Amino acid sequence: MRHPRQLAGADPNDFFSDLFANFGNGGGRRRQAYQPQKGDDTHASITIDLSDSYTGATRKISLMVAERDEHDRIHTRERTLSVNIPKGVTAGQQLRLSGQGQNGEAGPGDLYLEIQFSANARYRIDGRDVYQTVPVAPWEMALGGEIEVTTPSGKVNVTVPAGSQTGRKLRLRGRGIPGKEAGDLYLLLEVALPPAATDKAKELYQQMAREMAFNPRAGG
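Residue numbers (this note's numbering): 213 to 432.
For the record, the hints were derived by calculation from the structure and aren't laboratory data. Heads up, some of the hints might be wrong.
[What the hints assert, rightly or not] Derived pair list, reagent style SDA-like, types lysine to any residue, alpha-carbon separation capped at 20 Å:
id, residue 1, residue 2
1, Lys250, His287
2, Lys381, Val346
3, Lys299, Ser365
Remember, it's a predicted structure, so these values are computed and weren't measured experimentally.
Just need the whole structure built from these sequences, with the hints factored in.
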């Protein structure tokens with residue numbers, strides 16, 4: 213009987229050890245161990261006032277979350293969270309709340325909240341720059357002078373140049389949304405007419421009409 217030749221120096225015990233090891237792991241294919249997964253991340257939005265971005269704030273938010281019970285059925289419930297709003301946040305920025313997402317075998321995912329500003333007719337926001345409409349009396353526009361304006365960062369005194377018209381823009385550097393590079397605040401002047409609600413007020417308007425040769429549509 214002819215016996216298979218062995219390579220010089222080879223140990224037959226090693227051959228059989230390798231052979232049975234291959235059978236034990238599926239012919240050489242490794243089976244990946246099961247890895248528990250974290251829960252899914254959750255995305256939502258939170259609406260804040262512009263002033264919150266100037267000072268920082270704490271706000272509460274309610275979310276509907278899905279949970280699986282012991283019978284593998286999915287239920288939803290309301291969850292309320294207290295959220296710290298850092299100073300200087302801008303619209304579209306996302307806040308990450310670690311471990312506040314969906315549950316999972318390896319722990320919960322994260323919650324991402326996108327910042328939105330509540331609508332306010334007085335303000336328009338562009339990045340960190342803020343545009344604020346400021347009503348001004350006709351005589352303040354015509355004669356000029358100092359007026360007090362309540363801004364998102366507090367009250368300031370500004371000078372209205374004489375002869376200003378509606379739409380004139382006054383720039384206050386660094387008074388926009390705070391940050392490493394703070395934005396600017398632009399005050400947009402808008403003339404506000406006093407109502408002719410009394411006889412005295414009507415008389416004053418009539419006197420102006422007689423004594424001032426002014427036609428705002430001239431040359432238009």
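Problem - 20 Å limit on alpha-carbon distance, applied to hinted pair Lys381 and Val346 - result: holds (10 Å)
Exercise for the section: Mind checking the alpha carbons of Lys299 and Ser365 for me, to see if they're no more than 20 Å apart? Expected result: Within the cut-off at roughly 12 Å; holds.
Exercise for the section: Quickly compare the C-alpha distance for Lys250 and His287 to 20 Å and report which way the hint goes. Expected result: Holds: Lys250 and His287 sit about 19 Å apart, inside 20 Å.
Figure legend: structure checked against the earlier numbered hints; every hint is met.
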